[in-house]
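The primary structure of each chain is shown beneath.
There are 2 protein chains.
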Amino acid sequence: MSEQFKCRINLLYNDLQSEIWCNKGSILINVLNQNNIYLDAPCGGKCLCGKCKVKVIGDCTSVPTDGELKFLTDKERKEGYRLACAMKVVDDIEVMVESNNSAQIMSEGIGNVVEISPIVRKKFVQLEKPTKHDQKDDLQRLLDTLGMQYYRIPLQILRELPDLIRDHNYEITVVYSDREIISVEGGDTSNTHYGIAVDIGTTTVVAYLVDITSGREIDVVSQLNAQKSFGSDVISRITYTLENMDGLKQLQQKIISQINHMINSLVEKNKLNIETIHHIVLVGNTTMLHLLTGITPKNIATSPFIPVSTQELVCRAEDLGLNINSKCAAYLLCSISGYVGADIVAAILASGMAEKHELSLLIDIGTNGEIALGNKDQIICCSTAAGPAFEGAHIRNGVGGIAGAINTVRLEGDQVKYTTILDHKPIGICGSGIIDILSILVEIGIVDETGRIVDEDEVKSEIGKKLTKNVIEIEGMPAFVIAKETETKNKEAIVITQKDIREVQLAKAAIAGGINTLIKSMGKKIEDISHVYLAGGFGSYIDKQSAVNIGLLPKVLKDNIIVLGNAAGTGAVMSLLSQKCYHHCTNIKNKAKYIELSTSQEFQDEYINCMYF
Amino acid sequence: MSEQFKCRINLLYNDLQSEIWCNKGSILINVLNQNNIYLDAPCGGKCLCGKCKVKVIGDCTSVPTDGELKFLTDKERKEGYRLACAMKVVDDIEVMVESNNSAQIMSEGIGNVVEISPIVRKKFVQLEKPTKHDQKDDLQRLLDTLGMQYYRIPLQILRELPDLIRDHNYEITVVYSDREIISVEGGDTSNTHYGIAVDIGTTTVVAYLVDITSGREIDVVSQLNAQKSFGSDVISRITYTLENMDGLKQLQQKIISQINHMINSLVEKNKLNIETIHHIVLVGNTTMLHLLTGITPKNIATSPFIPVSTQELVCRAEDLGLNINSKCAAYLLCSISGYVGADIVAAILASGMAEKHELSLLIDIGTNGEIALGNKDQIICCSTAAGPAFEGAHIRNGVGGIAGAINTVRLEGDQVKYTTILDHKPIGICGSGIIDILSILVEIGIVDETGRIVDEDEVKSEIGKKLTKNVIEIEGMPAFVIAKETETKNKEAIVITQKDIREVQLAKAAIAGGINTLIKSMGKKIEDISHVYLAGGFGSYIDKQSAVNIGLLPKVLKDNIIVLGNAAGTGAVMSLLSQKCYHHCTNIKNKAKYIELSTSQEFQDEYINCMYF
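Heads up: the protein sequence lines correspond to chains X and U, in order. Counting from 1, one number per residue, gives the positions in the first sequence under our numbering. Counting from 1, one number per residue, gives the positions in the second sequence under our numbering.
Heads up, some of the hints might be wrong.
The list cannot tell twin chains apart, which means a pair is met if one copy fits it or any two copies do.
Using 25 Å as the maximum straight-line C-alpha spacing, the simulated PhoX-like pairs for lysine-lysine come out as follows [as the list claims (entries may be wrong)]:
{"no.": "1", "residue 1": "Lys580", "residue 2": "Lys269"}
{"no.": "2", "residue 1": "Lys298", "residue 2": "Lys132"}
{"no.": "3", "residue 1": "Lys520", "residue 2": "Lys466"}
{"no.": "4", "residue 1": "Lys51", "residue 2": "Lys465"}
{"no.": "5", "residue 1": "Lys591", "residue 2": "Lys524"}
{"no.": "6", "residue 1": "Lys593", "residue 2": "Lys484"}
{"no.": "7", "residue 1": "Lys55", "residue 2": "Lys78"}
{"no.": "8", "residue 1": "Lys558", "residue 2": "Lys356"}
{"no.": "9", "residue 1": "Lys228", "residue 2": "Lys525"}
{"no.": "10", "residue 1": "Lys327", "residue 2": "Lys249"}
{"no.": "11", "residue 1": "Lys593", "residue 2": "Lys136"}
{"no.": "12", "residue 1": "Lys129", "residue 2": "Lys591"}
{"no.": "13", "residue 1": "Lys520", "residue 2": "Lys417"}
{"no.": "14", "residue 1": "Lys580", "residue 2": "Lys271"}
{"no.": "15", "residue 1": "Lys524", "residue 2": "Lys491"}
{"no.": "16", "residue 1": "Lys298", "residue 2": "Lys78"}
{"no.": "17", "residue 1": "Lys466", "residue 2": "Lys88"}
{"no.": "18", "residue 1": "Lys466", "residue 2": "Lys491"}
FYI, nobody ran anything at the bench for these hints, they're computed from the structure. Quick caveat, the model's predicted, so the values are computed rather than measured.
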């Protein structure tokens, strides 16, 4: 990662862990502030009060400044303490923020710092033994001790309960939610309480193992969605369910068995007992959740794009075919529409935008770009068919975010420099690289505002004139060479062609047009927006300046852009840990209004306008 | 039935049907009043106003009096109209009460006349077709049309829903409860909505088939509990579950398969489709419900007599193993304690006592006598081990209520007369006959107040002196001959022995002692009680005067005794038809307090006192 321009901060707070990203060289306190974590710094971050102490764990190439050293004891220096207002982030680091030096932690912000009060709780209870003067039945005795009134209880648990409580001297541990007793165990097992959060993306599936007692995210595993062999995007998978007998069942079994496999590997790796997992939260786009539950998504594919259900769904993991603790409760978070799924609801939750007074914009760019605009009063959202250009598809030398992909491009003087993922020899260019190179080409005038690669004599800038040498002709159209054939793995130049630029124009116009349509629909101006949250993997890697330069994101908001990383996963974990967060998803759904862009004249106009650079 | 002294009235009111019993020769309007059905009769039942017209359907040996004829047109006479204030009930009859001539119908009284508003409803809905401007998902569209907010919905229904609504032009019929969508069917099937109510007694299982749309009880089937081969009473069945591997499972399967069989026969006989049954309500004593659900009742058998659950239980019929519509919802009504079960809750519901200001007593006499005392403010109840004497067990010539059982005994002059069930030759004596003969023997002084069959010279009354000829000696103890050997089927005299009398004394002391204990516990006097409800089969057949004479029931309440018949079944049907009734069961449970007689010194004292005649 050292050659890249992003640094990852693994943040520890009150035994909670979260991951945030920043540009290399950022001042730590600013990064924390951007992520809604505010340290107590009465001097205003001028290195004058020494209050913003944090502990950096492990290796770190940055050394304390003289200003910092004034406030650190020798012991503190050895232990890695730093002042957040003075420290520049130049590596991937792990930072511990002690709760007593944080003035305010946004409870439901990006920091994933949530009060641990999960939907599925585990509690050790000591029941009073019955006598002839206290003949309450076993269940009532349990409910009274738990302070529960309404409940559902599976027959199986009623069958186990009487012997369990008597065999364990009336001391048992109960796994329960507000309305349901999920499991009972003998003795005190309250310290082993784990949950799984899963984000099912069309491309990638991520599963998190969480210690619900401490709130600690223990481990995470990420895999390509096993359904990819049935079609790379939502529509092709829906088509598969229609064209194949049992196609829906096949896709369902594929994802279920993949999730089972991921959970097993998490559990085995961390030496846990699968029976200690009582809670699983699943998010994904609407189609993925339909496929997961074996519910046909076919009507999502054709106008008017109607899902069977966007409601939250609570069922027994067993009913879904998940081979984990058979009593484990599975919670599928709610979606908003056929094309704004539970992953976006979870991302909105993770961003905290739905609790703020200020207006925020959330963007998740993939094959579709899902966009949400709103605050605590209302949210409007849309999905725009960005196409897979930003994922490297339909681009001559486009690749996904794999080793050897050119992921950043910059100018150094009149030289085009790039980095690749894992420093491998370049094999192609991925989305963030495509945005960087386009930004450069527009800036130096090799591409004009209509997206045309101009003739040599039309180039005005000095650097541009020098770089016209990189413009070659491929298949009768101009193309700009980013990596020469001598530099690449397969000895062919990596270029961006005129056609590639058109693809990117369509994609960025779809996103930018969607943003503008939402802003106008709400009767707002772009300046009314206080934060722009980028969700999803792609958003984590693009350079904000480049994105703004090509008009993908609004220029005036450049300094307000916050990268969330896998916000859907973060939101799923938050819902696992906090019933407030879980219920908040329904609030988000309820206050969200979906705008169908395919019928919006406004969008058509914006789309055309946004095509220009 | 014509030789017996009870008549059955099949009562029709607003398409609702119920069954009430009365003594032969009773005036119809009095019978209706006793059953809380009050006709508009301004003249006070003196045959002066002609307002209390009812229609008697079918044959009836009673003919209109001259008084009646003054108020009936020829047409009305032909159609069977009668005045309830003048008509004596001398046959089993069917009576239709027109709603416009009833001043007040107790909504939850014995009459089983309840407002039809079932827990499980069926409704035809026409959904708006979705458009790009109305992209609500299928489920939300359905919920909004139904006006439902919170719900559970099985995955299977979500899987069926999208094709179902589109294949039926957005016209579907929904089976649903307040919180759950149970089933969806294409088109309008709202007129086929049936339910089953089952009363699982230790001895007898009764199943009712009910048309939930009209509230009509279509059919009923009654069988001996198939578990009887595993033990005739609750304790012996519990013992079986403890002494046999899989004993619990065997007993569960026995009752489940019996209920399946009964339902199938009801459905086939009435030419219904099993899929049209969406609702089943089950009542029974606490042990029977434990066995039904495969939950061990073993802790009910030993002190301190703790059931696993007395709560209402809602589950899918499928989960219980009931082979009917797999989506059918099964509702097990709540119990009060290990020995006061859901059958008593249902009987209390059917009696209406828990809605009345006045204090009522409810008694269900079987092997155990369950007794409840209370009104709308509080209910206290107990269970007393009456023993099976009233069911004919432990009595030398005792039999159950079968053909040939002596069921009534009376004196005609100095002759002992009896009747038998179905007029067969006598084979033994059942509970009602035992009470009759004891009442007679005490009255004429052959049995003294301590229960001893006195010596011939101690008899004071003329009739008694004449009847001492019937006292013989059997196995060294005195016995009274009821049917001579020449009269009986097996040519042996049917007698009641000194030992039999002791058994009955114990049984009646348990009941009477329980009643007195409840009254004292509540700080009331016997005179404070306004109604005595007799629930259960036995209560339907005993002669009130005899029961009072032997001290089984309190003398001062003789005229306030109301026979409910199978009140548990009636309550189950009411809960099937009315969610108000269903929820009222929980109210009854909540206001009920169980008194454990085995620890009550009060009861011990009363028990001894009540041993005397």
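- Query: How would you label the pair Lys520, Lys466 (within, between, both, or neither) given a Cα cut-off of 25 Å?
  - Reply: neither (42 Å within a copy, 109 Å between copies)
- Message: Reference check for the pair Lys466 and Lys491, CA-CA at most 25 Å: within, between, both, or neither?
- Response: within (24 Å within a copy, 130 Å between copies)
- Task: Could you figure out if Lys129 and Lys591 sit no more than 25 Å apart (CA to CA) within one copy, between two copies, both or neither?
- Result: between (48 Å within a copy, 23 Å between copies)
- Pop the pair Lys228 and Lys525 into one bin, within, between, both or neither, using alpha-carbon distances up to 25 Å. neither (40 Å within a copy, 80 Å between copies)
- Checking Lys524 and Lys491: alpha-carbon separation at most 25 Å within a copy, between copies, both or neither? Intra 51 Å, inter 103 Å, cutoff 25 Å: neither.
- Using 25 Å as the alpha-carbon threshold, which applies to Lys580 and Lys271: within, between, both, or neither? neither (30 Å within a copy, 52 Å between copies)
- Alpha-carbon proximity context of Lys593 and Lys484, limit 25 Å: Close neither inside one copy (48 Å) nor across copies (89 Å); limit 25 Å.
- Message: With identical chains, the pair Lys558 and Lys356 could be close in the same copy or across copies; at 25 Å between alpha carbons, which is it: within, between, both, or neither?
- Response: Close inside one copy (20 Å), not across copies (73 Å); limit 25 Å.
- Task: Classify it for me, Lys593 with Lys136: is the Cα-Cα distance of at most 25 Å met within a copy, between copies, both or neither?
- Result: Cα proximity of Lys593 and Lys136: across copies only (11 Å, versus 49 Å in one copy).
- Up to 25 Å CA-CA - Lys524 versus Lys591, copy category: within (17 Å within a copy, 58 Å between copies)
- Item | Intra- versus inter-subunit Cα pairing at 25 Å for Lys580 with Lys269 | neither (30 Å within a copy, 54 Å between copies)
- Same-copy or cross-copy closeness of Lys298 to Lys132 [CA-CA at most 25 Å]: between (61 Å within a copy, 16 Å between copies)
In this structure, the hints that do not hold are numbers 1, 3, 4, 6, 9, 13, 14, 15, 16, 17, in rising order.
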